[in-house]
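Visitor: Listed below are the residues making up each chain.
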Amino acid sequence: MTLLTAKDKDTVKTFWAKVSSNAEAIGSDALSRMLVVYPQTKTYFSHWKDLSPGSAPVKKHGATVMGGVADAVAKIDNLTAGLLSLSELHAFTLRVDPANFKILSHNILVVLAIMFPTDFTPEVHVSMDKFLSAVALALSEKYR
Amino acid sequence: MVEWSEQERSIITSIFSNLDYNDVGPKALSRCLIVYPWTQRYFANFGNLYNAEAIKTNPNIQAHGTKVLHGLDRAVKNMDNIKGTYAELSVLHSEKLHVDPDNFKLLADCLTIVIAAKMGSGFTPEIQATFQKFLAVVVSALGKQYH
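Heads up: the protein sequence lines correspond to chains A and B, in order.
Counting in UniProt numbering, the first sequence runs from 1 upward without gaps.
Counting in UniProt numbering, the second sequence runs from 1 upward without gaps.
Honestly, the hints are just simulated from the structure, not real lab data.
Hints should not be assumed to be uniformly reliable.
[Said to hold, decoys possible] If you want the footprint, here are the derived chain A segments under chain B, 3+ residues with CB under 8 Å:
(1) 14-24
(2) 104-110
[As the list claims (entries may be wrong)] Some chain A residues well away from chain B (every beta-carbon gap over 12 Å; in silico):
(3) Arg33
(4) Tyr44
(5) Gly67
(6) Met115
(7) Thr118
[As the list claims (entries may be wrong)] Label pairs and their calculated CB-CB ranges:
(8) Ser85/A x Met1/B: 17 to 27 Å
(9) Leu84/A x Trp38/B: 23 to 33 Å
(10) Lys9/A x Lys67/B: 10 to 20 Å
(11) Ala74/A x Gln7/B: 37 to 47 Å
(12) Gln7/B x Ala6/A: 28 to 38 Å
(13) Lys96/B x Leu84/A: 42 to 52 Å
(14) Thr64/A x Gly84/B: 16 to 26 Å
We put the beta carbon where it would ideally sit given N, CA and C, even for glycine.
Just need the whole structure built from these sequences, with the hints factored in.
Guide: In structure tokens, the structure reads:
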């Protein structure tokens, strides 16, 4: 289990408070980038009409995903318990290969760097990277 | 052989011709040492790396960051044969520096993030894809001579 220190949790919560009002834009851009830069991820969205950056389904889904991230921030003290139903969803219904969590996390970090160049310091970067890894781990809990 | 479209070539040459090496190099290397602290193992004799502030202001790290970034120049000039261009550098990193090749990807990711922060919305998904493709080829070439 990726152990988040008290400092990590503090850093994540403080940074999230700054950026959360842009959650939908962050999600939409991160998802758009993922679909362009890692085309293999498109295989999970064959049911969408339009996979182009900023399209309606991409925007909507980006917002959904960031809603999950926001939830994770609120439950940062116990991600396994807090994200239980999301883990079951990903394990039994969506069956997203967990390697893709890393890919999406990377793109979230790229978007944060673009949108918040001065706030996304190396110290914030490491805590956010650890946090997203911990979220990915919690989401994979129910896989097997 | 890696195929590059005309658009991809111009994206890469454009990014590097507008690059402030003395700023981006140090930022990328220090970010790597902070975000992935185990990479500090290769810089034991660089002086004070005890915390993020020390790393960011360490003059040896700054100089080395600039040097590493300039190391990419030859790949930019020889995009059709990055593997051959970096054969010697690959041997150096394996035989002399003993760098775990997994670390190349970590530095590449930090460089991507630093460039993204600099270019802002100009770092479009297409440009990101091209830049990451370029770095992936570099990373692969640097790992080629390991045995």
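Visitor: All hints are to be evaluated individually against the structure, with a verdict given for each.
Guide: For each hint, the structure was consulted:
1. Closer than 8 Å: that is the beta-carbon criterion, and the region 14-24 of chain A has 0 residues meeting it against chain B, so the requirement of 3 is violated.
2. Only residues whose beta carbon comes within less than 8 Å of a beta carbon in chain B count, and the region 104-110 of chain A has 3; three or more means the coverage holds.
3. Remark: the non-interface label on Arg33/A conflicts with the geometry, its nearest Cβ contact in chain B lying 5 Å away (cut-off 12 Å).
4. Look at Tyr44/A: its CB is around 17 Å from the nearest CB on chain B, clear of 12 Å, so calling it non-interface holds up.
5. At roughly 22 Å, the least C-beta separation between Gly67/A and chain B is larger than 12 Å, which holds for a residue marked as non-interface.
6. Under the 12 Å C-beta cut-off, the non-interface status given to Met115/A relative to chain B is violated; the minimum distance is some 8 Å.
7. With a least beta-carbon separation of about 9 Å from chain B, Thr118/A fails to lie farther than 12 Å from that chain, contradicting its non-interface assignment.
8. Judged by the Cβ atoms, the range 17 to 27 Å given for Ser85/A and Met1/B is violated: they are separated by roughly 48 Å.
9. About 31 Å separates the C-beta atoms of Leu84/A and Trp38/B, a value consistent with the hinted range of 23 to 33 Å.
10. Taking 10 to 20 Å as the suggested C-beta distance range, the pair Lys9/A and Lys67/B does not conform, at roughly 37 Å.
11. Under the hint 37 to 47 Å, the C-beta atoms of Ala74/A and Gln7/B, about 43 Å apart, fit the expected range.
12. As the Cβ distance of Gln7/B to Ala6/A is approximately 47 Å, the hint placing it in 28 to 38 Å is violated.
13. For the pair Lys96/B and Leu84/A, the supplied restraint of 42 to 52 Å holds, since their beta-carbon distance comes to about 50 Å.
14. A C-beta distance of roughly 46 Å is found between Thr64/A and Gly84/B, which places it outside the suggested range of 16 to 26 Å.
In this structure, the earlier hints numbered 1, 3, 6, 7, 8, 10, 12, 14 are contradicted, and the remaining ones agree with it.
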